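Hey, can you work out the whole structure from these sequences and the hints?
The residues making up each chain are set out below.
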Amino acid sequence: MKQIKIFFLVVTVLMASSCNEDDFLTEVNPNAITPDTFWKSADDFDTALNTVYAALQSNYVSGSQIAYELIRGDEGNTHNWYRPYSFMTMTFNDNTKQVRERWNDLYVGVYRANQVIAALQTTSAEFEAGEKKSIEAQARFIRAFYYFQIAHTYGKAVVHTTTVSDLSELNRPAEDIATVNAQVIIPDLEYAAENLPEEWTGEDLGRVTSGAATTMLGKVALFNQEWAKAAAYFKEVIDSGTYSLVADPRDNWTDVNEFNSESIMEVGFNIALKPGTNGAAVDSYGGGADAEANGIVTEIAPLAFGGFNTVFPSIFLHELFEYDEMNPDDARNINQTQSLRMRGSIVTLDADELYYGKPADDGAAFNIGMTAFIKKWTNWYQVSSEDQGRSGINFRHIRLADVYLMYAEAILEAQGDAALTEAMSYVDMIRDRSGVITLSDYMEDNSGQIPEFHNSPLVNGGVVSFTTANAQSLLTHIRMVERPLELCFETHRWKDLVRWGIAGQVIDQQQENEQWRIDNIDDFRSEPPMFISETRNDWGLPLQNYNPAAHNYLPIPTDEVQINNQLDGGGN
Amino acid sequence: MVGYGTQKKREVTGAMASMKSEAILKTATADLSESLQGNVAGVNIQASDGRPGARSNIQIRGVGSLQGNGSNRDALPVFGDAQSPLFVVDGIPFQGNPNLSPEQIESVEILKDGASAAVYGVRAANGVILITTKRGVEGKPKVQLRAYKGVQNITSGTPLMNALQQLYADDVVMAAFGTDPVTFALNADALDFDSNIVGDVENQNAAIENYSANVSGGTQGLTFNVNTNYFKQDGVLINSGFERLTTRLTGEITSGKFKGFASVGFTNENSTKEPWGLYTYAINQRPTQRGLFENPIIGPNTVSLDSSPNEILYSFISRELDNEDSRKINSTNIALKAEYEFIDGLKGAVNLGRNNWNFQRFFFQPQYLVYNRLGVYNATASRPEAKLNENFIFNTRDTFEGMLMYNKTFGGSHDLSLLAALTYERFDNKNVGAGVEGLLSNDTRVLGAGAVGIAPSGSNSANTIAGKLFRAQYNYNDKYMLSASIRRDGSSKFAAANRYENFFGISAGWNITEENFFKSAGLEFISNLKLRASYGEVGNMNSLGNYDFINTIEGGVDYVLGENEDLAVGAIQRGIRNPLIQWETKVEKNFGLDADFFGSRLSLNFDYYINNRQDMQLGQLTAPSSGTWPFRYEWAFNRVAVNVGDMANKGMELALKYRDKTNFGLNWNAGLNFTRNKNEITNLVPGAGRFGFGGGDPIGGVNGIRGDNTTFLVEGYEAGAFFLIPTDGVVSTAEELTEYRELVASANLGDLKYIDVNEDGELNDNDRIYMGSGQPEFELGASLNASYKGFDLFVQTYYVHDVEIFNGSKMYAYTAGRHLDYYYQWTPQNAGSPVPTYRQSGEHDNVRSRSDYFLEDGTYLRIRNITLGYSLPKKILGDGIEKVRVYFGSLNPFTFTRYDGYDPEVGGDGLYMRGVDQGNYPVARRFMMGLEVNF
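Listed in order, the protein sequences are those of chains A and B.
With my numbering, letter number 490 in the first sequence gets 490, and the count goes up by one each step, no holes.
With my numbering, letter number 73 in the second sequence gets 73, and the count goes up by one each step, no holes.
One should not assume that every hint holds.
[Said to hold, decoys possible] With a Cα cut of at most 16 angstroms, we get these calculated EDC-like pairs of lysine to aspartate or glutamate:
#1 A/K274 x B/E437
#2 A/K274 x B/D566
#3 A/K97 x B/E634
#4 B/K140 x B/E882
#5 B/K430 x A/E27
No wet-lab data here; the hints were simulated from the structure.
These figures come from a predicted structure and were not determined experimentally.
This is how it looks when you write it as structure tokens:
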């Protein structure tokens, strides 16, 4: 028994001597900091706010994957072996990559904004005068922007406006657009409009402004068909004197004149920073490097120049540009065969300018029914290939020309023919800036009539039809001619078609025109102006498959449906 | 050998199984777990894939811990697999599978029940595998040489269309789009080719070889054993292979009251890995273009893909063929043990262990310039600049254990053993990565030759465990045995408030044959009968990362701001962590019976167990609307570790063994083992959604396509059960179409018809229903050993009953539009076809993995091993040569199954991937010849 006593004595001594165990068992993560030590200074908030902005660079907000959105509607097409094809034919489903990832990307931005906003309410950090409000206003503007995108892509949104401490609060129901507007978008935008400066300068250039917030308030009203309210917001922006159209429209789509006078909301990209990483790598984690450049070039540029031409201009858009008649009195048009904005937007077989350093007909393959490629957002004017998948061109989400056109639309809807002159003056400012003949000039020369370029002249025997200028015909012009020409590939088109309720009509018309081309190709094959060498069958399936209830908005992704059991109010 | 000590078989009160060297070596393999497969009741082993050097997936008594990653295809190896048992080699716990050479192992003990494993506390919930390496014995040195060499061949594949079939199918597919195929527009010579690109990447009759030498011996008080083993296996896909050189030294010294033991192992593994997705990209390629090695080389690093309609798609595979992706692992493990008997019966011991595991990956991608069929340089298909990445991982695990043992027999029949131990472990991990682009040439494969650096990466992490253990064992006359233990563990993986937990174990045994009443009962044919019962608690935290209990603010989320577009550095929280996370506990009850009959000719072991996992650690998916699914890194942030839910495994194991000798001198024995495990999720966090715990994507990201989850944790069902949407053939008539369009607006003739199970007019995940799982109803293993004169024969079979398999390889060939079925797909002219029309998209409803279309019955019977050997008679061997044996063997020679895919043995990650056949590496059968010489 003596041994047992010794045994237990030694055991007791050993156990007692292990008092450093707490230190031994405390391991601190050496790779990151914790929320306990963060959110302590204004600098911390600045650092966090940068991530809210960084989410704007996401592929589905301003980057490579907006390509699929450009295919929806009538401005762009794709080939049936490319993934976005399902967006053209409306055969996407709730596990389609873009359906899932756009939702994910947008909510990543919301989550970051929510963290900043929530931490601001409780922090004891010291701020300079107005700084705290400014940070909150920036975060809230961007959050509203993300929610606007979610609501008008999916028709619904799960609303999170704060961070959660209890995991069970993570699951919330999906609300309709009106509720999302009321709960988050409008309050956020109003706060932002009130607390953001009109302009930023120096090292703050590129931050969001009150003008952007007011424009977004106008867009919310416009999408809600509150015409007078929308017009008032847009007028406020126009009259603020902060913005003016840039002389050369191409400055909106290149890196030559960024953050220019026309730009209202612009997402920054830079090619010099973080070299070597493809632009599609937005953020880094672990060993994965990230980029500050935009990878959109890979989707848009032609195969021959390092891209995939996943999206290319539709025949409809190409034809609009061919008839975007240059004003011979404008000095900028001398010795040119294509309008300024055409030269900045698309490249065609007969383009005059070098494209990626080569004549347009040497390099890009205008085959398989492709008659044009997209120039916007690509570096065709300064590199020989986009094979790096990197672009430094900033992405403009809102610019003054868009505001002009939305304003014109709003007053026409609100006031009818009474607003014709004013509305037309805004349309003409845009046309004049691009050196194309203004509508008022057309009216003068055609006894009060304006042209209907969207009525395919090719189909109509090479003839451009004209119609009397009135509120209705000007609205149609804005919808079917001016907005496509001015704002193509700037991610507005499908949302516009849906809010106007004319997506089905547009698809019908496109299919009809396409069928005519298929039937009559031998009469115009490879002839100017469009040099169509073969026809495509892009519109048959959309016509057959389109159902507004199922396709205007994307389905809520399968991951959300599987995990979020509150989605339909806790039904599953 | 039991945990922290040794016991005779008669004394054992827990449920354990053991395998000795001789039985282990019956299977010629580099992986110990392959030797265990089918041989041990209650232990389920499945190959994760057929890649050389790939470790099998080991599950002891049913599904273990639940935090699987789904399809994790990380380039770098992962440690501490949540499902893996704890490996203890010569007393030192390992991080993951130690990957020892089977030749170096003296015996393996598998602790299956909670009470036996409880002495290992916090990490033992998935069972414990104790490995004892070979020791020397006193006497004349013995030398053992073993060698085998063999070939492997691929026995199955996915049927694909040939050129003509493909052209026909393309025509049909395009007709449904209202267009014509562009095949000849892109390549006028398409008809000149009928390539088999899958054949191009396969390496039939790949070699496998193994050589080992063992020297052992010793003098009084000092023994040693040295074993060196070299193993080499070429992959059955090109550019893949595995090579291992491992040496282990063990020595024991006994001097009076002092006993010392040292074991040192050095292992050097070299493996090369085929380019990522090689096999699947090969399936993708059309046969109407040149074979992989037939494209004209038109300049330095320059190739003309003149027959390829899409040189970008083609170069996904051809560009990667000359990659060099080599991985080196250098590991050393050292175990030292010193024991001293202070006074009679009281011993003190110290165990020291250090395992180093260093990993190095060298990944070189050469410059590769592509000219297309028009003679135009294609930058996207090319790799304009060579690229080199090097990654390093350094792991160190230190173990210290101090023990005090007391052993005394009182009054001749009361035997008491006491054990107290303190254990400390520390695990350190360091990751470093660096890379360059624009190397001087394809021959200068060093970082210094790069023109531009790729941002370096690195991270460090560590965790520690402190444990205290006390155990008492009592034995009365070998008749009644009792053992009780308590272990208190603390881990750095939890917040301070949740750091400690206690684990108890108690077990008892009764040798009935020792009782006088039994001895007089006249049941002499029963030579031994023992009843066992045990109760034990063990913990689990394998699934947890080192810092999962605390939220982090991370960088790497930057923007540009200002007129100069300066970098605006950002940092934010990207995922959600749970500070309350705690251990998962497994409570296991075991009832066992061991019996020997007819003078031990027939032996029987039976166990029945119920184990309940409580507060399971689950990786709960957070809904994407929570903002935790950042692009490219969804997997890193979209799960939060939670303790919710309970799971039960109930099962029985039966092992029978019969040995006999015939009159004419045939020695034989036969073994049969039966395993049945019933798994059920008995409780799951409310509010996690019906399908909040999912995984099992069968194609997992090849070509950027993500399949749907197929397997889920749902209360009332086995873990990882299939929940899929039932389908009802193909939409064949206009009337059917009109009706089906109510459900799927953009449906067309030839589409797969899903059933709206809940009849809510919407087709979505709420229409999924239970469709079985990858967990079998039961498993059966049988083996036969026979020897006659110099000949010996070993046959082993394995049967798995009633299991479902999701045929992911078939699905992949469908998504790529290459499967032979498409030759017979639905068309208006072939309206009776059950094969839905291909829609030129891997994401279309027709090829989605949430349908039941690709689910198959995976029951199989496999002849796992046949080995026939011949030992030369003693008389023709000279003096000093003890044994010369030659043998011929085959591994996996025959499989009988209705399963259509590669191989019904689908292990995956053991939980969500169990039963999901990703088919990204074909499984091969092996034929081998070997030689053994002992002297």
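Quick rundown of the hints versus the structure:
For a cut-off of 16 angstroms, the pair hint linking A/K274 to B/E437 stands: about 13 angstroms separates their Cα positions. The straight-line distance between the Cα atoms of A/K274 and B/D566 is roughly 11 angstroms, inside the 16 angstroms bound, and the hint therefore holds. Between A/K97 and B/E634 the CA atoms are separated by roughly 13 angstroms; this keeps the pair inside 16 angstroms, and the hint holds. Straight-line distance between C-alpha atoms of B/K140 and B/E882 comes to about 13 angstroms, which keeps the hinted pair within the 16 angstroms bound.
For the hint pairing B/K430 with A/E27, the CA-to-CA distance comes to about 14 angstroms; that is within 16 angstroms, so the pair holds.
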